[in-house]
Amino acid sequence: MKNPAKVNEAIRHLKPQAAPFEEEMSLNFGPQHPSTHGVLNFLVVTDGEVMHQALPNIGYLHRGIEKLAEMTPYSGFMPYTDRVDYLAAMFANQVFAMAVESLAEIEVPKRAEYLRVIVCELNRIASHFIATGALALDLGAVTPFVQWLREREFINDIMEALCGARLTYNYMRIGGVSVDMPGDLPDKILRFLDHFEPIIDEYNRLISNNEIFVKRLADVAVISPIDAVNFGLVGPNLRASGIGIDLRKTLGYSVYPDFDFEVPLGKGFRGALGDAYDRYMVRILEMTQSCRIIRQALEKIPGGEYRANVKKKLKVEENEVYSRVESARGEMGVYLISDGTDRPYRLKIKTGSFTAMSIVEKASQGLMVADLIALIGSLDVVAPEVDR
Amino acid sequence: MKPAEVYKLLIDRFGEDLILAYVETRNPYIKINNGYVQAICTFLRYNPSTKFAFLSSISGVDYPQRNEIDIVYHLFSPFLNTLCVLKTSTPRDLPELESLESVWKVANWFEREIYDLLGVRFTGHSNLKRILLPDDWEGHPLRKDYKEKNSYHDMETMRPDPLKVLREKNEKSGKSQ
Amino acid sequence: MKENTTIIEQGVIVSTIDGVLNWMRKSSIWYLLFGTACCAIELMQAGGPRTDLDRFGAVFRATPRQSDLMIVAGTVTYKMAERIRLLYHQMAEPKYVISMGSCANCGGLFQRSYSVLKGIDKVVPVDVYIAGCPPRTEALAEGILKIQKIMMREKWLKTRGTKRNFI
Amino acid sequence: MVSAMETAVNPSVRSAVRKYFKNIYQLFYSILEGMAVTFSYLFRRPITIQYPYKLDKPMDEIIPDRFRGILGVDLRYCIACRLCQTTCPIACIAIDLERNPETKERFITRFDIDISKCMFCGLCVEVCSTGTLHHSKIFDGTSRHVENLVLEFVNTPVRPFIKPKSIEDIPVDRSGAITRNKLKDFFDLPKFRLTDEA
Numbered sequence: 001m002k003n004p005a006k007v008n009e010a011i012r013h014l015k016p017q018a019a020p021f022e023e024e025m026s027l028n029f030g031p032q033h034p035s036t037h038g039v040l041n042f043l044v045v046t047d048g049e050v051m052h053q054a055l056p057n058i059g060y061l062h063r064g065i066e067k068l069a070e071m072t073p074y075s076g077f078m079p080y081t082d083r084v085d086y087l088a089a090m091f092a093n094q095v096f097a098m099a100v101e102s103l104a105e106i107e108v109p110k111r112a113e114y115l116r117v118i119v120c121e122l123n124r125i126a127s128h129f130i131a132t133g134a135l136a137l138d139l140g141a142v143t144p145f146v147q148w149l150r151e152r153e154f155i156n157d158i159m160e161a162l163c164g165a166r167l168t169y170n171y172m173r174i175g176g177v178s179v180d181m182p183g184d185l186p187d188k189i190l191r192f193l194d195h196f197e198p199i200i201d202e203y204n205r206l207i208s209n210n211e212i213f214v215k216r217l218a219d220v221a222v223i224s225p226i227d228a229v230n231f232g233l234v235g236p237n238l239r240a241s242g243i244g245i246d247l248r249k250t251l252g253y254s255v256y257p258d259f260d261f262e263v264p265l266g267k268g269f270r271g272a273l274g275d276a277y278d279r280y281m282v283r284i285l286e287m288t289q290s291c292r293i294i295r296q297a298l299e300k301i302p303g304g305e306y307r308a309n310v311k312k313k314l315k316v317e318e319n320e321v322y323s324r325v326e327s328a329r330g331e332m333g334v335y336l337i338s339d340g341t342d343r344p345y346r347l348k349i350k351t352g353s354f355t356a357m358s359i360v361e362k363a364s365q366g367l368m369v370a371d372l373i374a375l376i377g378s379l380d381v382v383a384p385e386v387d388r
Numbered sequence: 001m002k003p004a005e006v007y008k009l010l011i012d013r014f015g016e017d018l019i020l021a022y023v024e025t026r027n028p029y030i031k032i033n034n035g036y037v038q039a040i041c042t043f044l045r046y047n048p049s050t051k052f053a054f055l056s057s058i059s060g061v062d063y064p065q066r067n068e069i070d071i072v073y074h075l076f077s078p079f080l081n082t083l084c085v086l087k088t089s090t091p092r093d094l095p096e097l098e099s100l101e102s103v104w105k106v107a108n109w110f111e112r113e114i115y116d117l118l119g120v121r122f123t124g125h126s127n128l129k130r131i132l133l134p135d136d137w138e139g140h141p142l143r144k145d146y147k148e149k150n151s152y153h154d155m156e157t158m159r160p161d162p163l164k165v166l167r168e169k170n171e172k173s174g175k176s177q
Numbered sequence: 001m002k003e004n005t006t007i008i009e010q011g012v013i014v015s016t017i018d019g020v021l022n023w024m025r026k027s028s029i030w031y032l033l034f035g036t037a038c039c040a041i042e043l044m045q046a047g048g049p050r051t052d053l054d055r056f057g058a059v060f061r062a063t064p065r066q067s068d069l070m071i072v073a074g075t076v077t078y079k080m081a082e083r084i085r086l087l088y089h090q091m092a093e094p095k096y097v098i099s100m101g102s103c104a105n106c107g108g109l110f111q112r113s114y115s116v117l118k119g120i121d122k123v124v125p126v127d128v129y130i131a132g133c134p135p136r137t138e139a140l141a142e143g144i145l146k147i148q149k150i151m152m153r154e155k156w157l158k159t160r161g162t163k164r165n166f167i
Numbered sequence: 001m002v003s004a005m006e007t008a009v010n011p012s013v014r015s016a017v018r019k020y021f022k023n024i025y026q027l028f029y030s031i032l033e034g035m036a037v038t039f040s041y042l043f044r045r046p047i048t049i050q051y052p053y054k055l056d057k058p059m060d061e062i063i064p065d066r067f068r069g070i071l072g073v074d075l076r077y078c079i080a081c082r083l084c085q086t087t088c089p090i091a092c093i094a095i096d097l098e099r100n101p102e103t104k105e106r107f108i109t110r111f112d113i114d115i116s117k118c119m120f121c122g123l124c125v126e127v128c129s130t131g132t133l134h135h136s137k138i139f140d141g142t143s144r145h146v147e148n149l150v151l152e153f154v155n156t157p158v159r160p161f162i163k164p165k166s167i168e169d170i171p172v173d174r175s176g177a178i179t180r181n182k183l184k185d186f187f188d189l190p191k192f193r194l195t196d197e198a
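Residue numbers (this note's numbering), protein chains in the order written: chain W, 1 to 388; chain H, 1 to 177; chain Y, 1 to 167; chain C, 1 to 198.
Derived by calculation from the structure, the hints in this document are not laboratory data.
All values reported here derive from a predicted model rather than from experimental measurement.
Every residue gets a Cβ at the ideal spot worked out from N, C-alpha and C, and that includes glycine.
Treat the hints with care, as some may be off.
[As the list claims (entries may be wrong)] Distance ranges between label pairs, derived from CB positions:
#1 W:Asn209 to Y:Gln90: 37 to 47 Å
#2 H:Glu171 to W:Gly303: 47 to 57 Å
#3 C:Ile62 to H:Gly124: 51 to 61 Å
#4 C:Pro52 to H:Pro78: 24 to 34 Å
My request is simple: use the sequences and hints to build the entire structure.
What follows is the structure, encoded as structure tokens:
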């Protein structure tokens with residue numbers, strides 16, 4: 001908007017009515033800001049140092065995927081799900097495939113389920129790279145982020161060898177996966193894991209134990225368990241507040257019950273329970289668990305088909321389903337209503353970042369301005385997942 | 001506790017006037033009266049035998065044939081490991097419902113999203129503003145009869161398809177030859 | 001620089017002032033760190049160790065005032081388009097725009113969406129289009145090389161800093 | 001002196017002092033540890049691929065076989081079933097068939113792919129029964145004009161391929177040469193314009 005009066009008019013509603021500070025000012029933070037993790041805008045109401053509130057203004061990446069689903073056949077919608085959460089595209093693939101499979105009563109071959117788990121866990125690691133690395137970058141430490149970018153290239157290579165794309169995989173299909181893995185891929189993954197597991201320790205030495213980094217995060221933006229439930233936090237953010245809900249365990253979807261893994265919980269590693277450092281540390285610990293799952297899955301993977309026989313022009317009878325998976329950013333749900341045609345009547349995507357953003361308004365009260373970055377970074381919000 | 005048992009519990013507590021039906025689908029849902037959403041949800045959240053602590057999502061579905069908008073609540077109880085689906089409808093011309101903000105804080109944003117995309121008003125909501133689309137946007141896009149405008153501010157919303165343009169050009173040059 | 005440069009015997013280089021200026025400009029393309037969607041991740045990876053855009057002298061800047069190049073990486077919605085125009089006008093001439101990926105080129109797979117701008121060339125003039133969804137990091141490096149080619153063709157002194165009328 | 005005596009006897013003050021110095025020690029220790037990690041990378045192999053100047057091996061070998069690059073069409077083997085056109089969720093493929101009114105023969109007169117819009121999802125390649133439509137390994141589709149990103153694969157009308165029952169492996173040219181030929185040079189002016197102004 002060119003006109004400042006117009007801008008003022010547009011943000012007027014964001015201002016709180018009562019001013020608690022004598023001299024308060026409003027700062028616009030984003031949407032073009034290196035540490036907003038995509039295009040997010042915050043209206044920061046502050047007295048200069050201490051924030052009264054940071055009011056998120058989202059929607060800069062609202063692409064109307066839900067409306068597009070109503071125009072696209074079931075099989076053609078899979079590429080769109082990649083773009084719901086580009087850092088962890090496999091989960092969106094999986095949750096949509098699960099919803100349609102559940103409606104059309106398609107049984108997925110065991111091998112496909114294992115392949116799905118392997119790629120999902122690899123994707124979870126890749127996503128946590130950006131989450132933890134970008135947090136460090138935003139707080140001023142550049143090296144850790146570059147280090148994770150390097151590791152992420154190895155995962156990108158694996159994914160590219162498997163399905164041909166580095167970011168928007170479009171790997172899963174309704175009733176299985178698009179291609180079987182090439183013969184040398186298990187070796188490649190194992191070699192990556194052997195290389196990667198020591199790197200986690202190295203990374204902890206590099207930044208996680210760094211006293212400055214800890215001081216920036218510990219006891220900052222504490223989210224109590226009650227708040228976490230009330231604001232519907234999911235995934236690592238919820239577990240950092242000490243509530244052990246992981247849909248992989250609770251629901252036991254796909255073949256996750258076959259694997260032996262732990263769910264890391266926040267316990268106040270260096271400060272209070274549910275502070276920014278807990279949220280960071282839970283993600284680091286989750287990477288190790290993902291490695292464990294991948295190793296077990298590669299060991300146990302059965303042979304056989306990788307894709308069930310599904311009609312090219314799939315039609316689904318009138319029904320509805322709400323399927324959920326534990327994505328890298330927590331519970332991701334697809335609420336799908338079919339009406340007998342070849343395209344969904346309504347598709348709603350529930351994402352973890354959306355609810356995580358809504359807590360910023362509450363959690364930012366009384367923080368320093370610089371701590372807002374720690375808060376957003378530790379919540380690991382991704383713009384397209386907020387806006388869809 | 002299965003959704004059917006939740007339904008029985010609700011019928012015992014609220015009676016058939018408020019709890020309208022129990023519909024078997026892939027995820028069975030309970031149809032409830034649109035005037036008592038808040039009371040029913042508060043009951044489900046705090047009742048020690050259900051404890052639906054999490055509001056997983058709120059979605060809106062537009063049905064132009066019935067002239068109604070359905071609002072669907074997905075509640076999740078980690079204690080029972082059960083998903084409870086509540087559904088209620090509101091007239092399409094004047095959609096209005098109680099806000100659940102006092103029960104779950106997260107409902108605030110979910111309801112704002114529904115207001116933005118479907119135009120349902122939630123009474124008792126603290127800040128019912130557009131959330132995803134710009135404030136001066138016209139219409140509610142997730143309604144089935146939504147038509148895209150030709151321009152927004154000074155930006156066109158249409159783009160010529162290069163494949164069509166190329167076809168026209170080729171046809172013209174083919175005729176001239 | 002090659003075209004206008006002659007090497008006289010040992011170690012003496014004669015070139016036009018334009019050539020030298022353009023060579024200096026092309027070796028320090030500072031791009032605006034600003035991603036809108038999926039392509040932003042590839043943009044980050046391109047700045048990372050594997051592709052390492054720093055090799056071309058391209059480093060990121062957080063503010064438009066210091067940038068020569070805007071890489072529009074990803075989908076642009078109407079809400080964002082106004083901001084992009086604002087960012088573009090804040091950049092100093094001469095400025096260049098790379099449209100990275102299908103969404104920025106023409107809306108891509110979101111072309112039927114109600115809230116997505118169909119091609120950023122409706123808002124800002126684009127110099128290089130890169131196909132891909134998202135393009136590989138090497139493709140982005142290729143795009144930056146193409147920007148360098150454009151820079152080398154310009155008659156910098158004649159046009160006084162505006163790039164509008166070059167070959 | 002009093003304060004010094006107090007320090008000597010008061011354990012809480014003593015622990016506070018100890019904590020203060022321990023903090024300083026930890027700070028320097030953790031920074032040095034991080035520096036040591038960074039320093040160790042001086043002696044490890046760099047992973048930078050110096051595209052495009054100093055490549056150890058050509059890009060074709062670096063990129064895996066399954067890479068979904070810019071689409072290519074080997075028209076010799078196209079059976080003109082149009083499955084790719086109908087499968088594409090965003091309609092970026094256009095195929096025209098024409099029938100010669102005298103000989104009743106069908107010809108493929110047009111096979112255009114708009115790669116400025118293409119999302120490289122691979123759904124069209126999946127349905128192609130002869131492998132005619134394939135992903136090449138070409139990734140650098142850069143252009144100065146967006147119109148140049150429309151690839152026209154038909155030069156002269158082609159007869160559709162009739163797939164024999166016995167052949168399993170159709171020798172489609174996947175080297176990328178077809179696509180490379182169709183991609184226009186960076187500074188080339190486009191054949192047509194989307195907007196009228198130019």
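Results of checking the hints against the structure:
Taking 37 to 47 Å as the suggested C-beta distance range, the pair Asn209 (chain W) and Gln90 (chain Y) conforms, at roughly 40 Å. Hint check: Glu171 (chain H) to Gly303 (chain W), Cβ distance near 54 Å, so the stated range 47 to 57 Å holds. At roughly 60 Å, the beta-carbon separation of Ile62 (chain C) and Gly124 (chain H) lies within the given 51 to 61 Å, and the hint holds. Between Pro52 (chain C) and Pro78 (chain H), the C-beta spacing of about 54 Å breaks the proposed range 24 to 34 Å.
Checked against the numbered hints given earlier, this structure breaks only hint 4.
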